[in-house]
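Novice: Sequence:
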Amino acid sequence: MTDLGAAVALTVPGVKHRTLELPGLSMHVAEAGDGEPVVLLHGFFQHWWEWRHLIPPLAERYRVIAPDLRGAGMTDAPGEGYTREQLTADVVALLDALRLERVRLVAHDWSGLIGFLVCLQHPQRVRQYVPMSTGHPYIRMSGKALTGLWRTWFQLAIATPWLGPRLIGHGRQQFLRDLYRRSVVDSDAWTDADMEVFLAQLRDLRRARDGSKLYRDFLLPEFSRILRGAYRQQRLTTPTRMLNGEKDAGIQPSFLRGYESHADEMTIEQVPGVGHFIADEAPERVAARVLAFFAEC
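Under the UniProt record's numbering, the residues of the sequence shown are numbered 1 to 297, in order.
Worth flagging that the hints you see were computed from the coordinates, not collected in a lab. All residues carry an ideal CB built from backbone N, CA and C; glycine is no exception. Treat the hints loosely; a few may be bogus.
[Said to hold, decoys possible] Label-pair ranges, simulated between beta-carbon atoms:
| id | residue 1 | residue 2 | range |
| --- | --- | --- | --- |
| 1 | Ser26 | Ala193 | 23 to 29 Å |
| 2 | His122 | Pro161 | 28 to 34 Å |
| 3 | Ala288 | Ala230 | 30 to 36 Å |
| 4 | Gln270 | Asp188 | 20 to 26 Å |
| 5 | Pro123 | Thr191 | 36 to 42 Å |
| 6 | Leu205 | Met141 | 33 to 39 Å |
Kindly generate the complete structure, drawing on both the sequences and the hints.
Specialist: As C-alpha cells, this is what we get:
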C-alpha cells in the first residue's frame with residue numbers, strides 16, 4: 001500500500017471505507033447510500049476520489065460503490081495482472097465479494113473498456129451501463145478519425161518501459177500536470193489538494209511501473225483488438241448511455257461511429273463545454289444525465 005492518508009482525509013459525506021480480499025488482490029472500496037447498487041470505475045491517473053462530486057447525488061437514491069482498481073489508490077499494486085482478462089475478472093470478483101448479482105455500472109477513461117468487457121462477457125451482471133470519455137468495442141477507423149490519432153501519443157510514452165514510469169512518477173510529475181491541463185476546459189476543476197491526491201500514488205515506483213504496464217499490457221493491445229474487429233460478432237445487450245465531453249480532443253464523434261448494428265440499446269451524448277474529465281468539470285450535469293438514464297429502467 002502507498003501512503004494515501006490524504007485520500008481518506010478528503011472525505012465525502014456519508015462515505016465509508018473498507019478493504020475487500022479478492023483472489024490475489026486486496027481492494028479498497030468507498031461506499032455510500034442504500035438501495036440498488038451502482039458501481040463507479042475510475043480512470044487513469046485517478047482513483048475513487050474521481051467520484052467525489054457524483055457520490056452524494058447518486059447515494060440519495062442508490063448504494064454507491066467506488067473501488068480503487070488494481071494498482072490505484074489504496075488497492076494493491078502487485079506488478080502484474082494488467083491484462084484484459086484479469087482486469088475484467090477483478091470487477092466480477094468485486095461483485096461476487098459484495099454478493100451483488102446485478103448492478104448499474106459507470107466507468108470513465110480506460111475502465112470504460114473494462115466495463116464494456118464485463119457487459120459482453122457477463123451481461124446478466126449489468127442492468128445499465130454509462131461509459132464516459134472512452135471508446136467502444138465497435139470502432140472502425142475512418143480517414144477523419146485517423147487524422148486525430150496523433151492526440152493519443154502520450155499513451156505510447158506512458159507504455160514505454162523505464163520512460164513511462166519516469167514520466168508519470170518522477171519529480172514534480174510535470175508530464176501528468178500538463179496532460180491534465182490539456183485535457184480540460186476548466187483547469188480549476190481540480191484543486192491543488194485533488195491534484196496532489198492523484199499524483200501522490202504514482203510517486204511510489206511500484207505504482208508508476210504498474211501504471212505503465214496498464215497501458216502496455218491492456219490499453220494498447222485492446223485498442224489493436226478493437227480495430228481488428230475482435231468484438232464485431234459479439235452483441236451488446238446491456239442498455240448503454242455513453243457520455244463524452246464535447247471538447248475531449250481524444251474522443252471525436254467520428255471516432256465513435258459504427259456501433260449501431262452491434263448494440264441493442266446504446267446512445268451517445270455529448271456534454272457541452274467540457275473536456276476529458278467530465279465528472280470533475282461538470283458533476284451536476286453528469287449526475288443529472290446518469291440519474292435520468294437510470295430512471296428509464
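Novice: It remains to establish, for every hint, whether it holds in the given structure.
Specialist: Consistency of the hints with the structure:
no., hint, verdict
1, Ser26 <-> Ala193: 23 to 29 Å, "holds (26 Å)"
2, His122 <-> Pro161: 28 to 34 Å, "holds (32 Å)"
3, Ala288 <-> Ala230: 30 to 36 Å, "holds (35 Å)"
4, Gln270 <-> Asp188: 20 to 26 Å, "holds (22 Å)"
5, Pro123 <-> Thr191: 36 to 42 Å, "holds (39 Å)"
6, Leu205 <-> Met141: 33 to 39 Å, "holds (36 Å)"
Taken one by one, the earlier hints all hold for this structure without exception.
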